[in-house]
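Both chains come to you apart, so use the hints to assemble them.
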Amino acid sequence: MKNKTLLIGIAGIILVIFVIFFAQTHNKEKEMPLFELENSKEMSLFELENSKEFDNKSLEDVKKEYESNYSILQKIPRKFYMMPEFYPNFDRNNIIKGILGYGAHPGEVSYNATDFKTGQYLDIYTLVLSSYGVYTYQGLGLVLQSSDDDLFKTTVEPSEILLYPLNLTDPMSTNWVYKIKMRITAKKDIPDGRYAFKLRAKTPSAEKSNEFASKINSTDIYQNGAMIQTENFFDFILYAYNR
Amino acid sequence: MVKTMNKKIMVLMAVLIISAYAVYPAAAAAFTVNYQVTSTTTFTVQTASPALNFTGNGQAQNIWPNVRNADNSWGNVTNTGNVALTFKANIDTIHSGIRLALSNDSAMTDPKNISVSPLAWRGSSNVPPAGKVDMYFQANYGIADGNYVQTLTVGT
Chain C
1039 MKNKTLLIGI
1049 AGIILVIFVI
1059 FFAQTHNKEK
1069 EMPLFELENS
1079 KEMSLFELEN
1089 SKEFDNKSLE
1099 DVKKEYESNY
1109 SILQKIPRKF
1119 YMMPEFYPNF
1129 DRNNIIKGIL
1139 GYGAHPGEVS
1149 YNATDFKTGQ
1159 YLDIYTLVLS
1169 SYGVYTYQGL
1179 GLVLQSSDDD
1189 LFKTTVEPSE
1199 ILLYPLNLTD
1209 PMSTNWVYKI
1219 KMRITAKKDI
1229 PDGRYAFKLR
1239 AKTPSAEKSN
1249 EFASKINSTD
1259 IYQNGAMIQT
1269 ENFFDFILYA
1279 YNR
Chain F
2 MVKTMNKKIM
12 VLMAVLIISA
22 YAVYPAAAAA
32 FTVNYQVTST
42 TTFTVQTASP
52 ALNFTGNGQA
62 QNIWPNVRNA
72 DNSWGNVTNT
82 GNVALTFKAN
92 IDTIHSGIRL
102 ALSNDSAMTD
112 PKNISVSPLA
122 WRGSSNVPPA
132 GKVDMYFQAN
142 YGIADGNYVQ
152 TLTVGT
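Same order as they appear, the protein sequences are chains C and F. Remember, this note's numbering sits 1038 above the position in the first sequence when you count from 1. Remember, this note's numbering sits 1 above the position in the second sequence when you count from 1.
Okay, chain F solo, but in the shape it has when bound (with noise of 0.2 Å):
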């Protein structure tokens, strides 16, 4: 009787586990791949200069290239993927009393001050496969107040 009674018990442990186990198997899953193989995201920089070197104290400043011509960019990007691409550029530090901006023509249209966050500028969105989009930076030197009082606008 005993026996009996103890397989029983046994039999419905194990109905029990092999439930449990039911209720939360290996999770199974299914997927699919979409892809565009094709696609490939390259771009290329030419400038006049390895780097954008600038040292700027109070009203005493010096930019490379030390030219004011406002008519040539410093550089530009040219989209060598061939997939439409957004560019972003960004410093490594912020330089106190110096302030950056970026823009695509001479006239500096619509300049973005660069930070340490990559951001676009002017023209630099969706720039098709092959195409350009010219950089031209202005360094805006501050004094100790943080007024503003010179200007250089790097060119070649």
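Here chain C stands alone, though its shape is the one from the complex (with noise of 0.2 Å):
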């Protein structure tokens, strides 16, 4: 009787054991958000972007609601953003014609995290816009450095593009911005401090910048856009606290 009793509890323990090294196996690999949006479900841009929260909204409306909710950009439909009026800096009547040019907009973002741990992953948006005035075809290569590499793995959405001139007269004509996904993931847990992580651009693949020349009129001008570019495209600076 005796025995048997030790033989459960021995069992007991072991399963015990068994339950805290999967709890903790199952965090580290199962990468899940650090925090979710009114949508717990994980949705593609797409989907996002065709819910019908915008659909009875101005441009002049989701401008205002953007500039006090910037969470709001992953949801925000491409019909408004499309729109040059959506950019702050726009002047219809100042336009500098350029071979080259672009830039992100917002430019700089910054969160206050608590509690960042392993397999979390927390993503950020921002928009590449050709600038205003740019009559050629801009190839671009994305990618997003991180402050610390044992600490973080980063991806960009898409991670390469074809910048459109932008055609006043119909701004949804051409894919003269882009909505840009960029995710960062907790390889480990995030220490206490200040973490800097910046969009760079780069010169596309050399497969791409093929498909991207192939897709322009050989009237057209293709350009590696990377080739003059900002230290300040687009940063983000993550403050991680921990409870």
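Hints are supplied without guarantee of correctness; some may be wrong.
What follows is a set of in silico ranges between Cβ atoms, one per label pair, in the way DEER data are often shown [to be verified]:
{"hint": "1", "chain 1": "C", "residue 1": "Ser1106", "chain 2": "F", "residue 2": "Ser107", "range": "46 to 52 Å"}
{"hint": "2", "chain 1": "F", "residue 1": "Ser126", "chain 2": "C", "residue 2": "Asp1258", "range": "30 to 36 Å"}
{"hint": "3", "chain 1": "F", "residue 1": "Pro129", "chain 2": "C", "residue 2": "Asn1150", "range": "26 to 32 Å"}
{"hint": "4", "chain 1": "F", "residue 1": "Ala121", "chain 2": "C", "residue 2": "Lys1135", "range": "20 to 26 Å"}
{"hint": "5", "chain 1": "C", "residue 1": "Asp1129", "chain 2": "F", "residue 2": "Asp106", "range": "28 to 34 Å"}
{"hint": "6", "chain 1": "F", "residue 1": "Ser107", "chain 2": "C", "residue 2": "Asp1227", "range": "53 to 59 Å"}
{"hint": "7", "chain 1": "C", "residue 1": "Pro1196", "chain 2": "F", "residue 2": "Ser126", "range": "29 to 35 Å"}
{"hint": "8", "chain 1": "C", "residue 1": "Asp1093", "chain 2": "F", "residue 2": "Ser107", "range": "55 to 61 Å"}
{"hint": "9", "chain 1": "C", "residue 1": "Lys1191", "chain 2": "F", "residue 2": "Ala49", "range": "41 to 47 Å"}
So, partial list: chain C residues that the calculated Cβ filter (under 10 Å) puts toward chain F [claimed, not checked]:
{"hint": "10", "residue": "Gly1136"}
{"hint": "11", "residue": "Ile1137"}
{"hint": "12", "residue": "Tyr1149"}
Covered, in the sense of this in silico footprint (three residues per stretch, anywhere, with C-beta under 8 Å from a C-beta of chain F), are these stretches of chain C [claimed, not checked]:
{"hint": "13", "segment": "1121-1132"}
{"hint": "14", "segment": "1160-1174"}
What the hints contain is simulated information worked out from the structure, not anything from laboratory work. Note that this is a predicted model, so its numbers are computed, not measured. A virtual CB, placed ideally from N, CA and C, is assigned to each residue, including glycine.
Here is the structure:
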């Protein structure tokens, strides 16, 4: 009787150890959002942008809402952010013609995050756009550089883009803006600190460059957009805290 | 008696398992967003030609535009965004025997040798909104032994 009880006890302890081990491993392997917006289910950009939320809103309404709440950027439909008037620095009467140029909006975002643990991730968004007066087609590779590669894994989607010139009479007709999603995943529990991430422009892969160049008319000009770039293209600052 | 023991053990195990999950809960997190939503980082490059094309072989050289005129820049970069920007330039590949330098004035003050790594040049740091920085290129063509003997300044 004693032996049986002892065996059951040992089995119980082994089970508990297994549960602890499983819980740890499970947490490390499964990526999960650091925080979630109203929709807990992960949705594609297409799904997010096609929600009914903005159906009856004007461009001005959306701009106002966005300026007071950056978090909605991921859900703002294309029909709004493809309008040059969406951008605060756009002035139809003051457009500089140029051969190359692009940027991001917003150009800087920062988060305070508490208890950013192994396997958790956060998604941040920005809009990468061709400068208003640029008349060439610009190929760009995009990469999000981390200040600590041991702590973070980063991905950018899409990571290679072809920026078309803005067609002022029909802004929806060309891909002159892309909504860029950047994911930062914690490889380890993140210690307290300030962590900087920089979106960098680079030359697209040779394969993509060829693909991009083949998409445009022979009379149009294709450029490697990364020939000139800005140090502060898009900066993301993470302030990490632990309770 | 045995049944009572089993029940006790089961209760004990349940407590232990629940405790284990309590020790390793699904991580809760909190966050706040600070942002400067009105910032835009666009810039616009204006040049005299679509590209900076040059070929060099020993002492033979051809550079576009093929005029030696140091008074005009090859191009300029304007900050068309609404925050101060620092511009950097780079080239896809380094051409053996050709050294390409960049400055913001025709005297080629403090020239920076352009390579595949993006590099700021004189006057290109912290350019304010609507500010502009010129780009003067100078190509130095070397002969086989690496002794640079020719200098061409790009101009229009």
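Do the hints match the structure? See the list:
no., hint, in the structure
1, Ser1106(C) with Ser107(F): 46 to 52 Å, "holds, 48 Å"
2, Ser126(F) with Asp1258(C): 30 to 36 Å, "holds, 33 Å"
3, Pro129(F) with Asn1150(C): 26 to 32 Å, "holds, 29 Å"
4, Ala121(F) with Lys1135(C): 20 to 26 Å, "holds, 25 Å"
5, Asp1129(C) with Asp106(F): 28 to 34 Å, "holds, 30 Å"
6, Ser107(F) with Asp1227(C): 53 to 59 Å, "holds, 55 Å"
7, Pro1196(C) with Ser126(F): 29 to 35 Å, "holds, 30 Å"
8, Asp1093(C) with Ser107(F): 55 to 61 Å, "holds, 57 Å"
9, Lys1191(C) with Ala49(F): 41 to 47 Å, "holds, 43 Å"
10, Gly1136, "holds, 4 Å"
11, Ile1137, "holds, 5 Å"
12, Tyr1149, "holds, 6 Å"
13, 1121-1132, "holds (count 3)"
14, 1160-1174, "holds (count 7)"
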